[in-house]
Amino acid sequence: MEIKRYNKNHRMSQIVTHENLIYLAGQVGYGDTVTDQTKSVLASIDELLAEVDSDVSRILSATIWLASMDYYDEFNAVWDKWIDPENPPARACGETRLATDDFLVEVIIVAAKK
Amino acid sequence: MEIKRYNKNHRMSQIVTHENLIYLAGQVGYGDTVTDQTKSVLASIDELLAEVDSDVSRILSATIWLASMDYYDEFNAVWDKWIDPENPPARACGETRLATDDFLVEVIIVAAKK
Amino acid sequence: MEIKRYNKNHRMSQIVTHENLIYLAGQVGYGDTVTDQTKSVLASIDELLAEVDSDVSRILSATIWLASMDYYDEFNAVWDKWIDPENPPARACGETRLATDDFLVEVIIVAAKK
Numbered sequence: 008m009e010i011k012r013y014n015k016n017h018r019m020s021q022i023v024t025h026e027n028l029i030y031l032a033g034q035v036g037y038g039d040t041v042t043d044q045t046k047s048v049l050a051s052i053d054e055l056l057a058e059v060d061s062d063v064s065r066i067l068s069a070t071i072w073l074a075s076m077d078y079y080d081e082f083n084a085v086w087d088k089w090i091d092p093e094n095p096p097a098r099a100c101g102e103t104r105l106a107t108d109d110f111l112v113e114v115i116i117v118a119a120k121k
Numbered sequence: 008m009e010i011k012r013y014n015k016n017h018r019m020s021q022i023v024t025h026e027n028l029i030y031l032a033g034q035v036g037y038g039d040t041v042t043d044q045t046k047s048v049l050a051s052i053d054e055l056l057a058e059v060d061s062d063v064s065r066i067l068s069a070t071i072w073l074a075s076m077d078y079y080d081e082f083n084a085v086w087d088k089w090i091d092p093e094n095p096p097a098r099a100c101g102e103t104r105l106a107t108d109d110f111l112v113e114v115i116i117v118a119a120k121k
Numbered sequence: 008m009e010i011k012r013y014n015k016n017h018r019m020s021q022i023v024t025h026e027n028l029i030y031l032a033g034q035v036g037y038g039d040t041v042t043d044q045t046k047s048v049l050a051s052i053d054e055l056l057a058e059v060d061s062d063v064s065r066i067l068s069a070t071i072w073l074a075s076m077d078y079y080d081e082f083n084a085v086w087d088k089w090i091d092p093e094n095p096p097a098r099a100c101g102e103t104r105l106a107t108d109d110f111l112v113e114v115i116i117v118a119a120k121k
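Protein chains in written order, with our numbering: chain A, 8 to 121; chain B, 8 to 121; chain C, 8 to 121.
In case anyone wonders, no lab produced these hints; they're calculated from the structure. Among the hints, a few may not be true.
As the list makes no split between identical chains, a pair holds if one copy fits it or if it spans any two.
Pairs of lysine-lysine residues, derived as DSSO-like cross-links and limited to a Cα-Cα distance of at most 27 Å, are as follows [unchecked claim]:
hint, residue 1, residue 2
1, 11, 88
2, 88, 15
3, 121, 15
4, 120, 11
5, 15, 120
6, 88, 121
7, 15, 46
All chains should be built: construct the whole structure from the sequences, respecting the hints.
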């Protein structure tokens, strides 16, 4: 089965699929608060997964980068409502400064096709 | 082949399997020293892999987060004795502040089923 | 299909393959500047992928760790010329202190076999 790439520019693809796996680029979001950026990030993930006929219930692993671990509880409050409670992914969360200081949250997803 | 999730709560699964791949949540451990926490982390990985009938010899990749790179040698002393010398994984190791300052070491594993 | 491991030592393998996937160890490079180290890292990735009959056009995902986000533009100038413009990977880029302070850039690759 071939590799397919979606929403690509000169630097990266937002989605790459290969066999039954989906790799998303690290998603960052917009807004002034951790809550708003997290909602924006997770909405982007929903949209990208929908493009390849998948959804939140098919996420295998999530790597979460927070610009400060002080954002942990605020991030999780949004995350915990978003994930499918029957199908939570494996995840890891660490503190990492992101591409610009405006970005507070980044989430990297590997998911499965339907 | 379907997705299976093990040891799940409202936030994440400790194990997700899909086709022949196994994704573990980032594992943290207990103890006051890097040595003790590393032993605890690697023992958890052994237990989780055993739950899905895999083991240390089937690890494909490991991402290691140390709360301080000063822990590098102490972490590796435990790691080097733990891995299967015939079957070492691809790995990467970076410094990342973890969910709480008590956690000194986190390890993220992708492995293969038998 | 079995797991194969290449360029292995007591700690890790530089390449692990399983079914149609290729996992590379995090690659660091040599040189005094971000430009030189990035060229060195990407040349190592080219060599490792060639060992398993793959290449830059088959990269699925790249995780990029920069020792300082100040290196972002200098890293990308080399990256943007290196990737196959028809086949850019999913990627994420965060700031992470690396194994020694001499290392400015590390790149972790998952790719597909031909």
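Structure-based check of all given hints:
Taking identical chains as interchangeable, the C-alpha atoms of residue 11 and residue 88 lie at most 27 Å apart only when they sit on different chains, with a minimum of 21 Å there against 31 Å within one chain. Within a single copy, residue 88 and residue 15 get their C-alpha atoms only as close as 30 Å, which misses the 27 Å cut-off; across copies the closest is 15 Å, which meets it. Taking CA atoms no more than 27 Å apart as the test, residue 121 paired with residue 15 passes in both settings, with 22 Å inside one copy and 21 Å between copies. Proximity of residue 120 and residue 11 under a CA criterion of 27 Å is satisfied in both settings, with 13 Å inside one chain copy and 14 Å between copies.
In the homo-oligomer, the alpha carbons of residue 15 and residue 120 lie at most 27 Å apart both inside one protomer (19 Å) and across protomers (21 Å), since each shortest distance falls under that limit. Within a single copy, residue 88 and residue 121 get their C-alpha atoms as close as 23 Å, which meets the 27 Å cut-off; across copies the closest is 35 Å, which misses it. In this assembly of identical chains, residue 15 and residue 46 lie within 27 Å of each other by CA distance both inside one copy and across copies; the values are 23 Å within and 23 Å between.
When the structure is compared with the earlier hints, no violation turns up for any of them.
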